[in-house]
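All chains, please: the whole structure from these sequences, using the hints.
Spelled out from the first residue to the last, the chains are:
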Amino acid sequence: MAKVEKRRAISDERLRGFLREMLLIRRFEEKVEERFRAGELPGFLHVAIGQEAVAVGVCNAMEDGDVFASTHRAHAHTLARGTHPNALMAELYGKLEGCSHGYGGSMHLYDVERGNLGANAVVAGGIPAIVGAGLAFKLRDEPRVAVAFFGDGATNSGTFHESLNLAQLWKTRTVFVCENNEWAESTPGWQHSPVYDDMSKRALAYDMRSIKVDGQDVEEVHERAREALEYARSGEGPVFLDVETYRMHGHYIGDPQVYRPKKDRQEAAERDPVERLRERLAVSSEEWDALEAEVHEVVEASVEFAKNGTDPQPEDALKNIYA
Amino acid sequence: MPELSYREAVRDALAVAMREDEDVFIMGEDIAEMGGSMGVTQGLLEEFGAERVRNTPISEIAIVGAGIGAAMQGMRPVVEIMYEDFLTISMEQLVNQAAKHRYMSGGQLKVPLTIRTQGGAGWSPGAQHAQQLESWFVHVPGLKVAFPSSPADVRGLLWSAIYDDNPVIVFEHRLLYPIKEELPEKLEPVPLGKARVVQEGSDVTVIATGPLVHRSLAAAKEAEKDGISVEIVDPRTLQPLDVETLVASVKKTNRVVVAHEAVTRGGFGAEVAAVLQAEAFDWLDAPIERVGAKFAPLAFAPAMEQYVIPQPADVVAAVRRTVQRGH
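Chains as they are written, first to last, in my numbering: chain G, 1 to 323; chain E, 1 to 327.
Treat the hints with care, as some may be off.
Claimed, not checked - Each computed DSSO-like pair below joins lysine-lysine, with the alpha-carbon atoms no more than 27 Å apart:
{"#": "1", "chain 1": "E", "residue 1": "LYS225", "chain 2": "E", "residue 2": "LYS252"}
{"#": "2", "chain 1": "G", "residue 1": "LYS201", "chain 2": "G", "residue 2": "LYS212"}
{"#": "3", "chain 1": "E", "residue 1": "LYS110", "chain 2": "G", "residue 2": "LYS319"}
{"#": "4", "chain 1": "G", "residue 1": "LYS171", "chain 2": "G", "residue 2": "LYS201"}
{"#": "5", "chain 1": "E", "residue 1": "LYS180", "chain 2": "E", "residue 2": "LYS221"}
{"#": "6", "chain 1": "G", "residue 1": "LYS319", "chain 2": "E", "residue 2": "LYS194"}
{"#": "7", "chain 1": "E", "residue 1": "LYS294", "chain 2": "E", "residue 2": "LYS221"}
{"#": "8", "chain 1": "G", "residue 1": "LYS171", "chain 2": "E", "residue 2": "LYS110"}
{"#": "9", "chain 1": "G", "residue 1": "LYS31", "chain 2": "G", "residue 2": "LYS263"}
{"#": "10", "chain 1": "G", "residue 1": "LYS138", "chain 2": "E", "residue 2": "LYS110"}
{"#": "11", "chain 1": "G", "residue 1": "LYS212", "chain 2": "G", "residue 2": "LYS263"}
{"#": "12", "chain 1": "E", "residue 1": "LYS194", "chain 2": "E", "residue 2": "LYS180"}
By construction, these hints were calculated from the structure, which means they are not laboratory data.
Listed below in structure tokens is the structure:
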């Protein structure tokens, strides 16, 4: 739980790379919102606008061979771990070129080659398998780590509690990343958890090492995630990252957010992790414009790619049920 | 040929797989020192050690889920769920996760997970330790379901389940554990999706699973006294189902009884009846009869419990009804 004193271990150059990734995720998700509202995207979509620093910080701390499971709010994790925006956008359009070949959609993004074992539409549903992956790494003595992303809402499910207990008991090579974005769908933290302002108490209950992280500071997220991954990789046991972040938009695209006070939304803008990093790096307006233009091009190209993708044949629905 | 009990046959399949393959390991509640609540895994801790014979907390969600995760990394975990009633606790992991990862990933993942569980009435545990829930899982695309009724079948099918690249749930039956059979020393795999003709006959086919295979054998002897020749077919695997063998038997006898210990309503027999009327309607001389438990939870008092579950006499009565109807 101890807040470790900040070290500045990341070069400005690397941080600029993080800024680019975060901006790409932001603009990508804004584009997704726009295309959904235009009626082009089927299904049920959730953006992680405001939470980009968590995805970028953690995913950049992971190594090749590490695996992760995400949640219904998975675009950011998927992009941050290296899935091409084209493959992600194609998935959202339901195309065969998509990262789940049109079988998954926004809430079931997979990219096994890059360690993405699936975004999960059942809150906490993906956590136990990450314990199991961490167990497999331990049994085979492989220096790999399995990472579970989940939100504060998941911490009230039995699945979460059983998983933490088992992971700590067996010292699996697992890192739990609790993205406390202050909302479980429309329900604020104070209405759903007695420890909503200190989720690390959940880890404490299982005697698990926990680290508090400011999720709006990508540098801190990256450093703490690196520390957690190193610890888990060494076989000493799992780590719980108690990440305080902020969901700037609604639960789903189109959520009127009737439950959310105006003041809260204003605060959200003040905690924008992209703006924060931009200020810290003192990015000039020319540089920023160039970055925006670059990212814009990538996002536009992904839409173009997706629209030109291949529609599955209806009968493809009967494939991939059994291995 | 050594004589093995159903219990020893399960143990043998686990031991052989674990000896040959480092990726196979087992986990479950009380399976290590105690050897499992049914004694199935006795001795395995001594041979394979605590890393591969893992006692777990009472956490059905996490142990099934951990099995899924290890399986997705290419291991072949075998998870024991002490009573199939407790599968209901891990339902989310089985139905939404294990069954769906391959599909949702567009074919990128495999989940070679085996779940072993057991249930069955006849010993008065009451309503939460003896249900037969196998048909629930047949309803879920992505899962395979086996329900072996003999030592040879349980050994061979469990082996096939372990080496199948999909999640397979193997239902054992508590009352079958002591049943013995002479088996070859060397394990003979039984493929998933292959039925077994337990006994040949010419007048009526009884399609039975688990303990009802044995109760149907008793029923067949009884029916024989009336000159009725009963064929008994055990599907062994409920998903995938060996429709071909079932249909072949129907074409031979023209009459069918389906029999299982699970509740009749919505039971596996309903699915078999529907498949057979579609595939072999013109060969049927009588409506398909169903034998199963009455629509009630399992009561504690032995007289009530026995009243609810199907007895050999129920099979005999169903056999007689089809034969009378057909003449």
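Does the structure break any of the earlier hints, and which numbers would those be?
No numbers; nothing is violated.
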